[in-house]
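Each protein sequence line maps, in turn, to chains Y and G. All letters in the first sequence, in the order written, are residues 6 to 492 by my numbering. All letters in the second sequence, in the order written, are residues 6 to 492 by my numbering.
Simulated from the structure, these hints should not be mistaken for laboratory data. Errors might be hidden in some of the hints.
Same chains, same names: a pair is fine if it fits in one copy or spans any two.
Below, a list of computed lysine-lysine pairs in the DSS-like style, where the Cα atoms sit at most 27 angstroms apart [to be verified]: (1) Lys162 to Lys129; (2) Lys162 to Lys395; (3) Lys491 to Lys436; (4) Lys162 to Lys488; (5) Lys162 to Lys391; (6) Lys216 to Lys266; (7) Lys61 to Lys17; (8) Lys357 to Lys129; (9) Lys216 to Lys357.
Protein chains: 2
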Amino acid sequence: MLPYKTLLRIDKSSRQAVYLQIAGQFIGLIQDGLIQPGTYLPGSRVLAELLDLHRKTVIAAYDELQAQDWITAIPRKGMMVSENLPEIKPRSYNNGLHAYAEGPQFPIYEAPTLPVLRSNQPSKLVINDGFPDARLAPLDEWARECRSIIQRPAYHKYLAFGPAEGNMRLRKEMLKYLADTRGLNIREENVMITRGAQMSIYLAAAMIIQKGDHIIVGSPNYFYADLAFEQLGAHIIRVPVDEDGIDTDMVEQLCRTKKIKMLYIISHHHHPTTVTLSAERRMKLLEIIRKHKLAVIEDDYDFDFHYSAAPIVPLASADHGGNVIYVGSFTKSLGLSLRIGFMIAPEKFIRKTAALRRLMDLGGDNLVEEALAGMLENGTITRHLKKANKLYWERRDLAGELLIRHLPDEVSFRLPQGGMAIWLQFAKHLKLPVVADKAAELGLSMTYGYHYAYKSKPHNGMRFGFASLNNRELVSVVQLLAKAVKS
Amino acid sequence: MLPYKTLLRIDKSSRQAVYLQIAGQFIGLIQDGLIQPGTYLPGSRVLAELLDLHRKTVIAAYDELQAQDWITAIPRKGMMVSENLPEIKPRSYNNGLHAYAEGPQFPIYEAPTLPVLRSNQPSKLVINDGFPDARLAPLDEWARECRSIIQRPAYHKYLAFGPAEGNMRLRKEMLKYLADTRGLNIREENVMITRGAQMSIYLAAAMIIQKGDHIIVGSPNYFYADLAFEQLGAHIIRVPVDEDGIDTDMVEQLCRTKKIKMLYIISHHHHPTTVTLSAERRMKLLEIIRKHKLAVIEDDYDFDFHYSAAPIVPLASADHGGNVIYVGSFTKSLGLSLRIGFMIAPEKFIRKTAALRRLMDLGGDNLVEEALAGMLENGTITRHLKKANKLYWERRDLAGELLIRHLPDEVSFRLPQGGMAIWLQFAKHLKLPVVADKAAELGLSMTYGYHYAYKSKPHNGMRFGFASLNNRELVSVVQLLAKAVKS
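Throw the hints in and build the complete structure from the sequences for me.
Structural data, given as structure tokens:
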């Protein structure tokens with residue numbers, strides 16, 4: 006017999022009747038598997054003596070258990086725990102709380118995190134970091150594509166687990182897309198599909214960085230890349246970014262004087278400043294990469310969104326000895342609620358990265374990836390990008406005009422060649438967090454901007470995401486911003 | 006002027022005409038951004054002298070570039086690189102290869118990997134590790150749900166980036182589902198949605214394990230968990246698993262004598278052996294966890310698939326001081342081509358894990374998660390599980406009968422209480438890799454089995470995944486297996 010005297014704890018001061026306490030605790034023991042189906046409970050007389058209770062109380066508890074189907078009365082043998090237990094109901098614990106109300110009792114790792122981004126006040130209007138307009142995303146076409154895949158006979162034969170490198174049809178479609186848009190001439194072995202640009206960055210960095218390695222990033226730099234490198238144990242050296250992009254002379258100087266393991270670069274519409282690397286610096290950088298066999302992560306998150314000027318092809322499309330790991334994403338075309346990114350690299354790098362990805366994530370959603378392949382093949386993505394580029398170009402220009410009209414002395418900026426945000430510098434006498442708090446009171450949510458200067462020189466600037474706001478919203482947002490600035 | 010003499014390299018022995026070589030190299034320089042739109046090319050006479058060519062050759066090259074719209078003849082000024090460059094075309098490199106044909110030239114990390122799994126011979130029939138039947142997956146319902154979400158007015162307002170913890174509606178729906186199926190009484194702060202059980206395992210382990218920490222796993226153990234812990238730098242101690250699950254006496258002994266940081270356990274249908282932890286050992290384990298404040302990852306990947314016996318609720322549903330991090334998945338209900346998993350833990354653990362997940366993956370697919378929430382709410386998942394359980398139960402029994410009938414002396418096994426695989430031990434005189442090679446010749450793909458003994462005692466066994474095979478397929482598979490064994 007189980008040690009029922011220890012297991013069943015009666016609290017006579019409780020407002021719950023004793024027989025219900027007993028019944029509840031038996032249910033817990035059965036649910037926990039301590040009392041198994043087919044087991045006989047002690048006779049009511051025995052248990053009553055053991056617990057120092059009146060026998061009637063125990064009988065009432067057993068009646069309750071029987072009524073709930075937990076136990077069955079077997080003639081001449083006693084009360085048996087039912088073979089077919091009733092549906093499982095959540096239990097409460099002695100402390101009246103749930104299983105995860107406390108703990109854990111062991112220490113937990115702390116990943117690096119960002120400072121607080123913005124006020125929590127709920128707002129109708131938001132200035133974001135540079136997101137697309139989800140209203141434009143071709144999600145109807147995506148749902149149709151999924152449907153048509155599911156209805157193909159025997160689709161399940163090829164559509165269960167995909168390889169860690171991603172859906173093969175998508176990888177093949179990527180070749181044409183990358184050649185047409187970026188002049189990138191590769192094979193499918195050079196493509197890995199990931200859950201988004203961030204996973205591509207993390208995986209690539211994990212393949213390159215060993216704890217204590219020196220790496221170079223821009224100052225300022227994309228904050229989630231910074232955090233990932235820090236988490237991987239990199240020693241980060243920050244090289245200034247000016248209007249022509251990262252200072253390549255300083256990069257060269259550093260490569261000459263110390264062992265630099267990696268460079269992270271955003272060559273088009275740098276995050277956060279939106280500048281694009283000049284052709285001269287691009288040439289210089291390719292020379293440095295080849296000479297020093299420097300590992301490079303080129304994050305080209307916004308390449309597909311270009312307006313006034315035709316984009317220069319990425320570093321990845323030039324002659325770099327296979328040293329540039331190229332990172333991009335379809336997430337912004339898919340309206341953010343579906344996240345797919347990619348990594349382009351030498352075959353050996355892709356193969357070894359797949360081994361790491363398998364441990365973190367096995368592989369992607371084969372159905373979602375297959376649907377994207379279909380949308381690349383039938384031209385949906387190209388059509389979407391054309392439409393979005395036209396609209397975002399107009400919105401960029403309108404945002405620029407509105408900012409000049411309403412905040413002529415309060416902010417300064419340069420219109421970016423592409424992307425989804427304007428890098429807005431506030432005049433010295435205006436403190437961005439103060440402006441943001443005032444804006445929040447007026448119903449406009451905007452950033453405090455701390456994270457744009459994550460561990461780099463503080464600046465009084467923020468990204469003004471214009472792409473997600475239609476003309477009417479842009480007018481309202483800039484008017485509210487002007488009001489916040491001037492109040 | 007650019008150093009054209011250096012930049013343009015003419016190979017007179019090439020089969021390509023010299024003027025085409027020059028044109029092609031100019032296109033490369035323009036694509037690379039070294040020559041920018043609006044720039045004037047050198048006069049044909051100047052370039053001819055510089056390159057030591059006949060002037061007519063240069064003129065032919067410029068004509069070609071003009072025909073392709075790369076340059077424009079400006080009267081009295083010369084050849085200007087076009088402002089509107091023609092569509093970008095992929096370029097080839099001097100070596101005739103593509104940008105990623107070689108390299109990288111820097112060292113790359115090696116993640117731990119499995120030994121080769123099976124023969125590469127293409128086969129019509131496959132014995133898998135224990136996958137569901139994708140033909141049953143409610144993907145039509147899923148596509149319908151996606152469609153209805155997309156058609157809701159203003160869905161984009163709440164459906165862009167989700168939080169790193171996962172879609173809030175899904176987290177709320179999970180509470181009811183976990184309570185109904187597992188008796189787990191928690192709050193939404195205790196739930197994190199991930200990209201699958203593997204990501205949950207990796208993240209949880211990364212929060213607990215520091216390089217060199219001693220952890221306990223079963224022997225044998227689920228191979229991808231093993232690899233993940235190894236990759237994170239754990240020192241792995243293997244404790245035997247017998248027919249009652251992991252040897253808890255040895256676990257206790259180890260906890261008493263050295264600092265054990267973590268235990269990884271699969272309490273239902275252990276992978277690979279399919280045994281379920283006995284009630285006594287479960288009780289013992291809970292005692293050890295509370296006493297030693299031991300961190301536990303409970304991987305309950307197959308809980309939803311139970312046949313002959315009602316499942317005992319997981320460790321997570323008992324009183325464990327918040328020390329059991331509970332991992333599960335919907336991937337098997339969704340037919341593998343959509344991968345969603347979850348982690349249940351104390352709020353503090355979830356919050357800190359979200360910070361790490363953000364660096365690796367920002368967050369999940371909000372649309373896919375929202376659709377799953379809808380399928381939990383409208384009962385699709387419950388209906389699917391009922392239907393699948395009935396069918397898999399029949400298939401388990403049929404597989405068992407067939408194996409006994411056709412391979413009475415060659416294999417031994419115990420039918421598992423649930424899950425999707427039978428753990429098949431081959432008689433000593435039969436070497437599994439030999440059998441697998443023979444089977445491959447007969448058109449049946451099956452594992453070599455090496456990975457089931459990844460760094461643990463070798464055994465001549467494999468998982469026989471029965472759930473994905475219908476009755477006809479089961480008969481064929483067992484007949485082929487018998488033929489392979491006896492040939």
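Hint check:
1. Lys162 to Lys129: For Lys162 and Lys129, only the inter-copy Cα distance (10 angstroms) is at most 27 angstroms; the intra-copy one is 47 angstroms.
2. Lys162 to Lys395: This pair counts as between: shortest inter-copy Cα distance 22 angstroms, intra-copy 41 angstroms.
3. Lys491 to Lys436: So Lys491 and Lys436 pass the 27 angstroms test inside one copy only (12 angstroms; across, 81 angstroms).
4. Lys162 to Lys488: Cα proximity of Lys162 and Lys488: across copies only (25 angstroms, versus 60 angstroms in one copy).
5. Lys162 to Lys391: Cα proximity of Lys162 and Lys391: across copies only (23 angstroms, versus 35 angstroms in one copy).
6. Lys216 to Lys266: Classified as both; 11 angstroms inside a copy, 22 angstroms across copies.
7. Lys61 to Lys17: The answer is within: 16 angstroms in one copy meets 27 angstroms, while 108 angstroms across copies does not.
8. Lys357 to Lys129: neither (46 angstroms within a copy, 29 angstroms between copies)
9. Lys216 to Lys357: both (19 angstroms within a copy, 21 angstroms between copies)
Going through the hint list in order, the structure does not satisfy hint 8, though it satisfies all others.
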